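The whole structure should be built from the sequences, with the hints applied where relevant.
2 protein chains.
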Amino acid sequence: MEEGLLVVVSGPSGCGKGTICKELLRRNKDIIISISATTRKPRNGEVEGVNYFFIDKEQFDAMVQNDEFIEYANVHGNFYGTPKKFVLDKLKNGESILFEIDVQGAIQIKKMYPKAVLIFIAPPSMEELKNRIVGRGTESKSDIEKRYENAFKELEYIKEYEYMVINDEVMNAVEKIESIIMAEKCKTIRQKELIKKILS
Amino acid sequence: MEEGLLVVVSGPSGCGKGTICKELLRRNKDIIISISATTRKPRNGEVEGVNYFFIDKEQFDAMVQNDEFIEYANVHGNFYGTPKKFVLDKLKNGESILFEIDVQGAIQIKKMYPKAVLIFIAPPSMEELKNRIVGRGTESKSDIEKRYENAFKELEYIKEYEYMVINDEVMNAVEKIESIIMAEKCKTIRQKELIKKILS
Numbered sequence: 001m002e003e004g005l006l007v008v009v010s011g012p013s014g015c016g017k018g019t020i021c022k023e024l025l026r027r028n029k030d031i032i033i034s035i036s037a038t039t040r041k042p043r044n045g046e047v048e049g050v051n052y053f054f055i056d057k058e059q060f061d062a063m064v065q066n067d068e069f070i071e072y073a074n075v076h077g078n079f080y081g082t083p084k085k086f087v088l089d090k091l092k093n094g095e096s097i098l099f100e101i102d103v104q105g106a107i108q109i110k111k112m113y114p115k116a117v118l119i120f121i122a123p124p125s126m127e128e129l130k131n132r133i134v135g136r137g138t139e140s141k142s143d144i145e146k147r148y149e150n151a152f153k154e155l156e157y158i159k160e161y162e163y164m165v166i167n168d169e170v171m172n173a174v175e176k177i178e179s180i181i182m183a184e185k186c187k188t189i190r191q192k193e194l195i196k197k198i199l200s
Numbered sequence: 001m002e003e004g005l006l007v008v009v010s011g012p013s014g015c016g017k018g019t020i021c022k023e024l025l026r027r028n029k030d031i032i033i034s035i036s037a038t039t040r041k042p043r044n045g046e047v048e049g050v051n052y053f054f055i056d057k058e059q060f061d062a063m064v065q066n067d068e069f070i071e072y073a074n075v076h077g078n079f080y081g082t083p084k085k086f087v088l089d090k091l092k093n094g095e096s097i098l099f100e101i102d103v104q105g106a107i108q109i110k111k112m113y114p115k116a117v118l119i120f121i122a123p124p125s126m127e128e129l130k131n132r133i134v135g136r137g138t139e140s141k142s143d144i145e146k147r148y149e150n151a152f153k154e155l156e157y158i159k160e161y162e163y164m165v166i167n168d169e170v171m172n173a174v175e176k177i178e179s180i181i182m183a184e185k186c187k188t189i190r191q192k193e194l195i196k197k198i199l200s
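Protein sequence lines, in the order shown, are assigned to chains A and B. To convert, note that position 25 of the first sequence is 25 in the UniProt record's numbering; the numbers rise steadily by one, no gaps. To convert, note that position 20 of the second sequence is 20 in the UniProt record's numbering; the numbers rise steadily by one, no gaps.
Keep in mind the hints are simulated off the structure, nothing from the lab. Every clue listed holds true.
Cut-off 30 Å, straight-line C-alpha distance, at most; resulting in silico cross-link-like pairs (BS3-like, lysine-lysine):
no., chain 1, residue 1, chain 2, residue 2
1, B, 85, B, 111
2, A, 159, B, 90
3, B, 115, A, 187
4, A, 110, B, 196
5, A, 185, B, 130
6, A, 90, B, 159
7, B, 187, A, 159
8, A, 196, B, 187
9, A, 185, B, 111
10, A, 92, B, 159
11, A, 196, B, 115
12, A, 196, B, 141
13, B, 187, A, 192
14, A, 111, B, 187
15, A, 196, B, 159
16, A, 159, B, 197
17, B, 185, A, 110
18, A, 187, B, 196
From chain A, some residues computed to sit far from chain B (all C-beta separations above 12 Å):
no., residue
19, 46
20, 60
21, 62
22, 104
23, 149
As the structure is a computational prediction, the values presented were derived from the model and not from experiment. No residue lacks a Cβ here, since even glycine has one placed at the ideal position from N, Cα and C.
Printed below as a string of structure tokens:
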């Protein structure tokens with residue numbers, strides 16, 4: 001069986017990657033979303049093994065020590081990480097896994113698993129990105145400035161990605177990602193077993 | 001303006017690349033088919049500059065001498081070649097060009113223009129390929145054997161291609177090629193000007 005695809009959808013804060021991934025998963029029931037382990041306490045309604053694997057700091061540190069994460073990060077004092085085994089088992093089983101993750105995480109994943117497909121979601125313009133960050137209206141002015149600066153820094157990483165999709169319209173972006181997934185599955189390097197079968 | 005895509009649809013005799021390309025062009029009015037120059041005499045209904053550029057052997061030889069072909073070949077005593085200028089002008093103008101061509105020609109194009117997107121059309125199985133070649137019913141038994149042997153040899157070139165599409169159903173294959181074209185346009189290396197604009 002051919003290995004599944006590891007698809008990373010990433011981009012700066014405010015680029016709309018969350019909305020895009022939600023729609024992508026709704027339309028493609030065969031794509032699995034990656035589940036992170038976290039030391040954060042479950043929020044209301046969050047389910048173990050669906051939203052996160054909830055673990056304590058001691059367990060988390062042990063997993064780091066044993067190199068059990070594809071990537072991990074400390075976000076505002078809580079730790080988040082992607083367990084390697086969960087991902088590799090699914091891929092080996094021919095299933096495709098989607099990661100919705102920040103730019104730093106995406107680059108960690110690519111290092112650990114070079115066959116990963118990295119898709120950068122970009123805003124139509126930096127002005128539009130600012131409007132979106134401001135539009136959330138949940139943050140103070142200094143937070144907004146900081147987010148905007150970070151977003152600008154993250155755009156510098158576009159070149160590390162094989163693909164860039166402009167989020168002008170959610171459905172446009174989703175269809176482009178679907179095309180990228182289809183095209184990647186058509187790559188000869190991902191169809192080695194099929195080619196062997198044809199040639200036999 | 002970003003350069004257009006040079007898309008090569010290729011594969012062994014009997015793989016169905018002709019039918020696929022016809023349907024692809026019907027559905028995608030923005031894709032141009034590459035027009036070859038040939039020393040062959042026009043057949044009934046063939047139009048200069050639409051089906052072929054009809055030239056004589058002397059003109060053909062001069063173009064070979066001046067390195068004006070992307071690829072050329074001698075097919076049963078008639079010469080066929082793809083004029084470089086026609087193709088490069090269209091690409092520069094942001095237009096995408098489709099080549100329906102044999103395996104040897106595809107590999108020549110890739111050498112001359114490494115950004116070309118090579119798609120190999122494969123039969124679902126070698127048995128199916130044989131059925132299709134036999135099914136044409138226009139050839140002698142020895143011709144059929146020869147075509148089948150050639151097709152088998154050409155399959156060995158699959159690995160030179162970035163993509164392989166199985167022609168199980170024409171529409172499936174066409175949709176996969178459309179996805180490949182869309183995905184290639186999303187590659188960061190093909191969106192350098194857009195990236196510059198976003199970052200500015």
